[in-house]
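4 protein chains.
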Amino acid sequence: MDDEPIHVTVWGEYRHEQSHATVANIYPDGMHAAIATGLRQDLGETVEVGTATLDEPEHGLTQKVLDRTDVLTWWGHAAHHEVADDVVDRVQKRVLEGMGLLVLHSAHYSKIFRRLMGTECGLRWREAAERELLWCVNPGHPIADGLGEYFELPHVEMYGEQFQIPPPDELVFISWFEGGEVFRSGCTWTRGKGKIFYFRPGHETFPIYHDVNVRRVLANGVRWAAPSSSAIYASGGRNITTPLAPITGDHEVDTSLH
Amino acid sequence: MDDEPIHVTVWGEYRHEQSHATVANIYPDGMHAAIATGLRQDLGETVEVGTATLDEPEHGLTQKVLDRTDVLTWWGHAAHHEVADDVVDRVQKRVLEGMGLLVLHSAHYSKIFRRLMGTECGLRWREAAERELLWCVNPGHPIADGLGEYFELPHVEMYGEQFQIPPPDELVFISWFEGGEVFRSGCTWTRGKGKIFYFRPGHETFPIYHDVNVRRVLANGVRWAAPSSSAIYASGGRNITTPLAPITGDHEVDTSLH
Amino acid sequence: MDDEPIHVTVWGEYRHEQSHATVANIYPDGMHAAIATGLRQDLGETVEVGTATLDEPEHGLTQKVLDRTDVLTWWGHAAHHEVADDVVDRVQKRVLEGMGLLVLHSAHYSKIFRRLMGTECGLRWREAAERELLWCVNPGHPIADGLGEYFELPHVEMYGEQFQIPPPDELVFISWFEGGEVFRSGCTWTRGKGKIFYFRPGHETFPIYHDVNVRRVLANGVRWAAPSSSAIYASGGRNITTPLAPITGDHEVDTSLH
Amino acid sequence: MDDEPIHVTVWGEYRHEQSHATVANIYPDGMHAAIATGLRQDLGETVEVGTATLDEPEHGLTQKVLDRTDVLTWWGHAAHHEVADDVVDRVQKRVLEGMGLLVLHSAHYSKIFRRLMGTECGLRWREAAERELLWCVNPGHPIADGLGEYFELPHVEMYGEQFQIPPPDELVFISWFEGGEVFRSGCTWTRGKGKIFYFRPGHETFPIYHDVNVRRVLANGVRWAAPSSSAIYASGGRNITTPLAPITGDHEVDTSLH
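Residue numbers (the working numbering), protein chains in the order written: chain A, 1 to 258; chain B, 1 to 258; chain C, 1 to 258; chain D, 1 to 258.
Just so you know, the hints here were simulated from the structure itself, not pulled from any lab data.
Because the structure is a prediction, the values reported are computed rather than measured.
Every residue, glycine too, gets a C-beta built ideally from N, C-alpha and C.
Don't take every hint at face value.
Subject to a maximum C-alpha distance of 30 angstroms in a straight line, what follows is the list of computed DSSO-like cross-link-like pairs (lysine-lysine) [to be verified]:
#1 D:LYS93 x C:LYS93
#2 C:LYS64 x C:LYS93
#3 D:LYS64 x D:LYS93
#4 B:LYS64 x B:LYS93
#5 A:LYS93 x B:LYS93
#6 A:LYS64 x A:LYS93
Per label pair, the in silico range of CB-to-CB distance [stated by the list, open to error]:
#7 B:GLN41 x C:GLN41: 53 to 59 angstroms
#8 A:ASN239 x B:SER230: 42 to 48 angstroms
#9 C:THR241 x D:SER19: 21 to 27 angstroms
#10 A:ASN213 x D:THR241: 42 to 48 angstroms
#11 B:PRO5 x D:ILE240: 50 to 56 angstroms
#12 D:SER235 x C:LYS64: 37 to 43 angstroms
#13 B:GLU4 x C:ARG238: 51 to 57 angstroms
#14 B:GLU4 x A:GLN18: 55 to 61 angstroms
#15 D:THR241 x C:ASN25: 21 to 27 angstroms
#16 A:ASN239 x D:ASP86: 54 to 60 angstroms
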């Protein structure tokens, strides 16, 4: 297991980069390409990184691609509704089986995140290029590896509470914004065997994915979310008629309902 | 708030009771009627209990009914797929707004529970009329009020791990089964403002809902799940352009993407 | 249970109020008196509120007082080390048995809080009369009842992360501070049957306990932390030689070690 | 970091093995030696394993030993009270700084575990050589790696609920016992930067530490609990007078209390 690289698929909506010069200037090959490059540079031989985008057939997420993906990262913004439901089904199933999922920035409103959370995942936002400080509240967590007490992003889109998510299993970062808001910016959940990490930074009009700390967190997130257990995931309804220990009752059972 | 009764709606699939003599003998008016009667007896003036069933128009869960419901209890088994998706949408929305939800026994596979959990909610089961001991592992929880270290059900359908749910916020009961399995039988989650309680006991061919301890837990669950906060639930995406604190940055913002 | 008032004991160090004019001006009868008055006004007949202070015999927390206390609130600052260990033992035991505990502001460093948490409970602080916004991230929680998305305190002592506590069971408030920090300001834990609520605001040189929202949270906290379950708390090591189900093994047991 | 082995110290009380023939027959060199051998065999070059026992000077846990320990495993039973408080202080400090801790079987009553939990950590027990089935309820957790839905121990001392611990951060195993009890047998917590894993199996009169699944779990536990983050752990009270963002208030601050 230790010698096999982590197979990462970086998914991007890849629309703004083609339609808006501001975005294209920052991310000439797309945000997904910048994220993929960052992971390759930070994680080296320990990862094998591919990309996939919305406008590819099946959004680039065929069963074959997903089957060999250990960790999927997801960035979407304006076209969440264009993601096909059967692809969402497929991704959800793979997460439950153990594929890691990194949900980035505006993907808080993606179909797959809302599906896995069961809530609406709304939030408060403002686009004013304001300052953000991300405080680490769980320094022993592998996702925090290498960081200080906080790190700073000078100009960001603000996301503020209430963030309508289920209580995270683990809270790693809390953001402070110049304009007065706070946000649970680094949150983890387990669904089935899959590990999910939501990470807030990442707006398309700021060079967030070139920031060294953001890249570090993404690299840490990939390593953390990679499958780390081969234990059996017992799936579906299982009618186990033979007990493991003797049942001594003499009660009559009406099984006609099944 | 304290003088207003808790408005409870007991929802039942109400099919087995009409098609199977075994079930009809135990629950002549339906399981939902037995549950409703139990709540009325245990909680008296503090609740107002109505019922709704699958074959009523809109399954008895019109917007009007849901709007006045504080706590909804849900029992389904063989006809989960017959529940209309727009009713599920409506119930989910009300839970997020604060309506409590008690998910009973085979409703682990209901659309609404799977929707709110984001997982498949499968489990291991066996119909052998075996013995169950329910151990209380969280004695300070209001749902455990009045109980001992454990209580017993002499003849039950077994549900065993792995139960494919997200880690519960709180674990109240763990079941022991004669045949060798264990189960997280009393679990709570928060989704939006809503409190959710899953409670395992309740098979249609055993008189579970006449059991004094089961009824006690249901009554406790209703009281626990009833809305207890009038705080604002900030819903949807909120574009808040006016900050609460001054933003001093001079960065130019490209808002053309919104 | 419903007609009996909640018996609250408000504990205060009560030293600064006697030695510093600034504090005495804000709290002429002590902070504990202001807190007690607030609870009586907000909760009326549903509570019976007493007070106790450090310099009373046994710090006012005799076994008799604790035995009739449902919820204890604790404010200390400069004299944590003067609290006798046997009183701390006594309070801890009562919490495990079900007494609620509200830990206020600088009591983060109290012996009882550190004892119950198992961590050092340190934090970052600054006394600059800066602005604080407290954001509610769990609006369905009873402690948030009656609040908006956030509330404001104009001049406070800052407490910032990292706050060295165990991950809270529930996170209710996150604070934003003018100077750049954030803080988990409203946290709950369960220890034994007891419910614990840490609430950040409360410095002695600001009139925090006269603030309407702070008082509301304290009142909500008292109601939430009050015992709500009479279930058995099984305490100590219990050698239960008689099994509940037959043990069929024929293995020889060497019990000479006990 | 990846090439450096994990430094493990296996601590054992090492008394029963010297005083009781039954125990000596199973563990001729002590339980700690059997545990250490198991870890070396399962983890090979990735660990460096030492041992320490109660009757060594400072219980073998000098500051020097602890400073180079990444993961400490702890087994004690009859002599918990003989462990010196200053050694407990030292171990606690190292856990908060990031050292992993595996708490084994009867060490539920050790000073260090009770210190870190803040509760009494009692449980129900019976020595009847009964059968135990350990069910995995969190198959994606690294501690479950390689396991099936459950594994079996044919003859064990029973530990039953209520187990008086704080709600675990993660629940990995639940045990079923022949005599009717259940138990949260695999639990994790975070305290400071340190990861703590309690694992139930391990009585001195049964060859538990020779069992292949138990050894697997211990090896998994060591890998999971090893430090995985170099992030800053901000310790103690920190008076940070210089803010990160401008404070514009004109309120006068009385700092005479500090």
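### Message
Name the hints, by number, that the structure is in violation of.
### Response
When the structure is compared with the hints, numbers 7, 10, 13 turn out to be violated.
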